[in-house]
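Peer 1: If you want the building blocks of each chain, they are given just below.
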Amino acid sequence: MAEVGLLIARAYGADEDLVLAGVVLHDIGKLQELAYEGGAGSYTRDGNLVGHIALGLMMVREAANGISGFPVELRSQLEHLVASHHGTREYGSPVEPKTIEAFILAAVDELDAKLNQVRRAIKEDPSDDEFTSWNKRLGRVLYKGPSGGR
Amino acid sequence: MTDVERFKGEFEAGEYVRVEGRGSFYNGQIQLVLSTIRRVNPDQDRLQGFREEDCILSAPRPIDEMWEELQGRLRGVKNDHVRVLLNRIVTDNEAQLRVWPAAQQIPRAHREDGGSRAPHRARLRCR
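As you go down the protein sequences, you meet chains C and R in turn.
Taking the numbering used here, I'd label the letters of the first sequence as residues 1 to 150.
Taking the numbering used here, I'd label the letters of the second sequence as residues 1001 to 1127.
I should point out that these hints are in silico values taken from the structure, not numbers from a laboratory.
Note that this is a predicted model, so its numbers are computed, not measured.
Hints should not be assumed to be uniformly reliable.
Claimed, not checked - Away from chain R, derived, C-beta distances all over 10 Å, residues of chain C: (1) G13; (2) E16; (3) D17; (4) L20; (5) Y36; (6) R45; (7) P71; (8) L78; (9) A107; (10) G145; (11) P146.
What the hints assert, rightly or not - Here are the simulated EDC-like pairs of lysine to aspartate or glutamate, each with C-alpha atoms no more than 20 Å apart in a straight line: (12) C/K114 <-> C/E79; (13) R/K1078 <-> C/E110; (14) R/K1078 <-> C/E73; (15) C/K136 <-> C/E110.
To be verified - Residues from chain C that face chain R, not an exhaustive set, calculated with beta carbons under 10 Å: (16) L7; (17) A11; (18) A14; (19) V24; (20) L25; (21) S42; (22) D46; (23) A54; (24) A63; (25) F70; (26) L74; (27) R75; (28) P94; (29) I122; (30) S127; (31) G139.
Beta carbons: idealized from backbone N, C-alpha and C, even for Gly.
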């Protein structure tokens, strides 16, 4: 994500530092949202009751408040990146992207997630057909290549 | 195995188990019908090929290499405030960031993220 985000930031003249910060921080709340005990993942109490976006916002605010002279406007921009990274309210963001950097972050995050789904669906499809079976999440079959990509 | 209720209390999430069963293709999906299941005995089962590292989802690159890449990116941040904040958060959470998976999927109603992707979150034991 960092590589792609920074390429797009350069191409569109966006603030590269903010985009990189968004890449690093956007899911940081998952460290408190999820717990891994004995190798199994589960939601923490705060994860269930608060969610990773709000938890991430609190982590960023706490860190920023602990740095003497941290500009309030910059803190707002960083928090906006975390708050809007799901792109729409429908997908759980409390606000939609309102800065160039937030648009870039949300788009790159979405692309990254989608491509991972496509890769996984193709890799895990058990048949030797050229196409995967119907993928409900993606709403389509996927082309694996001739000979089923083998 | 027909008596799922009888067995499900015997194992904890995260434990390694050895199973025997029969795989088949049903309705477009692979299904595994188990005939036996038991807890792995690492010393004994290692002789028959059990490797704990095979059960750990790992990033495709060494974690130290990815961590150094992250540190390099952070060093390149020009805005002093942003750099200090990122370093503080990353440093404070280094232990978790090094071993937790990126965007590990636990089903939820809203948008689901993809698989491993951040350079600093790498491993999760298999369940």
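Peer 1: Does the nearest C-beta of chain R fall within a distance shorter than 10 Å of the C-beta of C/V24?
Peer 2: holds (6 Å)
Peer 1: Taking the closest Cβ pair, is C/A11 under 10 Å from chain R?
Peer 2: violated (18 Å)
Peer 1: Restraint: C/D46 near chain R, CB-CB cut 10 Å. Satisfied or not?
Peer 2: violated (14 Å)
Peer 1: Is the interface hint for C/P94 satisfied, with its Cβ closer than 10 Å to some Cβ of chain R?
Peer 2: Given a least distance of 12 Å, the restraint on C/P94 is violated.
Peer 1: Restraint: C/S42 near chain R, CB-CB cut 10 Å. Satisfied or not?
Peer 2: This interface hint holds because 7 Å falls under the 10 Å limit.
Peer 1: Beyond 10 Å from every chain R Cβ: check whether that's true for C/Y36.
Peer 2: Violated, since 6 Å does not exceed 10 Å.
Peer 1: For R/K1078 and C/E73, compute the direct alpha-carbon distance and say whether it is at most 20 Å.
Peer 2: Cα-Cα ~17 Å, so holds.
Peer 1: Confirm or reject the statement that C/L20 sits farther than 10 Å, beta carbon to beta carbon, from all of chain R.
Peer 2: Non-interface label on C/L20 violated, nearest chain R Cβ at 6 Å vs cutoff 10 Å.
Peer 1: Once the closest CB in chain R is found, is it more than 10 Å from C/P71?
Peer 2: violated (6 Å)
Peer 1: Taking 10 Å as the cut and beta carbons as the points, is C/D17 off the interface with chain R?
Peer 2: violated (4 Å)
Peer 1: So, C/S127 near chain R? Judge it on the closest CB pair being under 10 Å.
Peer 2: holds (8 Å)
Peer 1: Mind verifying the non-interface call on C/E16? Its CB should be farther than 10 Å from each CB in chain R.
Peer 2: Since the minimum Cβ distance to chain R is about 8 Å, C/E16 lies within 10 Å and the statement is violated.
Taken one by one, the earlier hints fail for this structure at numbers 2, 3, 4, 5, 7, 8, 12, 13, 16, 17, 18, 22, 23, 28, 29, 31, listed in ascending order.
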